[in-house]
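Student: Chains A and B are the protein sequences, given in the same order. Going letter by letter, the first sequence gives residues -4 to 309 in my numbering. Going letter by letter, the second sequence gives residues 4 to 302 in my numbering.
Take the hints with a grain of salt, since some may be wrong.
To be verified - Derived coverage of chain B by chain A (criterion: at least 3 residues anywhere in the stretch with Cβ under 8 Å from a Cβ of chain A; other residues may be distant):
#, region
1, 93 to 105
2, 119 to 126
3, 232 to 242
4, 286 to 296
Source of the hints: derived by calculation from the structure; they are not laboratory data. Where a beta carbon is used, it is the ideal one built from N, C-alpha and C, also for glycine.
Chain by chain, the residues run as shown.
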Amino acid sequence: MLLIAIALLGIAAPFVLPTVVTQLAFLWLMILFAVTWDVNGGQMGYNSFGNVLFFGIGVYACALVQRDSGLGYYAALFVGTGAGALCAAIAALVLGPPLLGIRGHYFAIATLGLSIAAADIASAWEYIGAASGIAMPVYPGAIGGRARFFYFLLFALAAVTWLAARALYRTRLGLAMNAIRDNEDKAEAMGVHTTRSKVFAWTVAAFFLGAAGGPVGNLVGFVDPRDLAFAGATFGVWMVLMAVLGGRGTLWGPVIGAVIFHVTQELFWTYLLGWQRVAMGLLIVVIVVFFPSGILGWASRLRRHGDAASATSA
Amino acid sequence: MSNLEVLASAPILVVQLVVNGILVGAIFALVAYGMALVWGVMNIINVAQGELVMVGGYAVFYLDRAGVHPWLGIPIAAVAMYVFGLLLYRGVIRRLVDRDMFVSILATFGISILLQQLANQLFGADIRTLSTNLPSLSFAEGHVSIASIRIVAFAAAVLVGVALVVFLHRSRMGRAIRATAQNARAARVLGIDTDSVYATTFALNCAICGAAGGIVAMTWFVQPYLGLTYTLRSFMIVIAAGLGNLPGVIVAGSGLGVLEEFAGFVLGAEYQTAFIFIVLVALLVGRNLVLARQRKYLA
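Make the full structure from the sequences, and use the hints.
Tutor: The structure is reproduced here in structure tokens:
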């Protein structure tokens, strides 16, 4: 029921609110970001600060296909999106075995370094436009149709991502991931193929992040290495933050966190001209220090508290 | 790779790169020692470390503009940063002690974004330099030239480092800090006020970063976004050297400085930062392979 209601809302939204279609499209992107981050961050306990790397690979792969393949607009877009997803997944497969052996905060900092190195390389590499980026081809349809087209594309991607994550958590692999989070050495001793599970989960997250890259690059119309593709200080941190805000390691937490975060962020952008990024930093500190278990964690604690209170009174 | 041939044909340049690297490495080592202090005592990885350097740099820069010479400006900035550190501890950091490492990384990351954007908003994104008008020294018939400001910076970094070590070993508070690093619970049982130890440790780290920032502003420049590179350099140095190992920190700092000078010369300045981060990832992966072989996981 809930899913159908959300699907109807998602389909109706761009027609009801035609002035903010781009922002709504970014809302689905944020949900995708938070859900994919939570696959390894929340469910597996590997807190990556560099997942934006896969998104950036997707953005660039799609942009390059569109620039150099000579295909028609839609063909190039879909081939490019697929290529982005594949390249990102391959990157995760290659980087996974060495990086996912690193534990805890060392993993967090290693991935942070990786995403920043990617941003630096992308802004120095001539073939992919260096610091001046890549201008995307013009959308051939009606002028107002562009934002709506990419809105539906991102909506579909986010929905598929969430459903895939849900399916993943219901398998044995989902249990293995949770076991790795709770105690990796014990999980390994119990016969869980830890490295294989970790790399697979990371690859799934990377695949969907890479797929989101192409549509977002086209929606924005211009690929900038630091502000869009490998935007570690914005997208890279937001992914983590949205999942933490909603509740790590839950299915709905990242979604709720993404919605609340995105709306707050849009309000900041509208009303705090110039100071929005300062406010964002402050918000991060407040969320992390005061709501480390997120909204869902807080809600379940409230509920438990209520149960205990009613149990004692009865 | 034409620069590599230049290097091969003029070996004297190697001397210049090594000397410059060692001089620069002292500043990295200073910032890294502050990080190791906070990490060892409070079990917090301070991701805002580089931003503290940046704030210190701006403080010295604006003091210089107001007519205060950097030699006076650096101590003033250090004291101001000490107070700033105390306030930051009371406001945020205190709530991160004894929490999950992930929480402290994310929270200090938030502080780093906050400071960086605040600086961008207040001081602008322009690159600022302190001109000291010190000459460049030439050696070996002019083949090797070393800016004397780097030698001065090196001396200043060593001075701050020595002062810190003396404080940690001789003063009562310094001993309390070291005791807390060894075992916080036992220190509390023995009547050490760990809360004030933590406050002093963090404020001390801020003061070190403030002084380092002033030195950085004199040697290179300050800019709102320079922080993260210092944070990650410090992190690298600390994991290469280990916690509470000052000689190790100095060696690792100089090593990193030399490595960076060579990378900047051979690969070009635009790949220098990327190179640092790749070294970081390689270092972590390599460290992990060694630990895995010994089955010594660090959870």
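Student: Could you check the structure against the hints above and give me the numbers of any it violates, in ascending order?
Tutor: Hint check: nothing fails, all pass.
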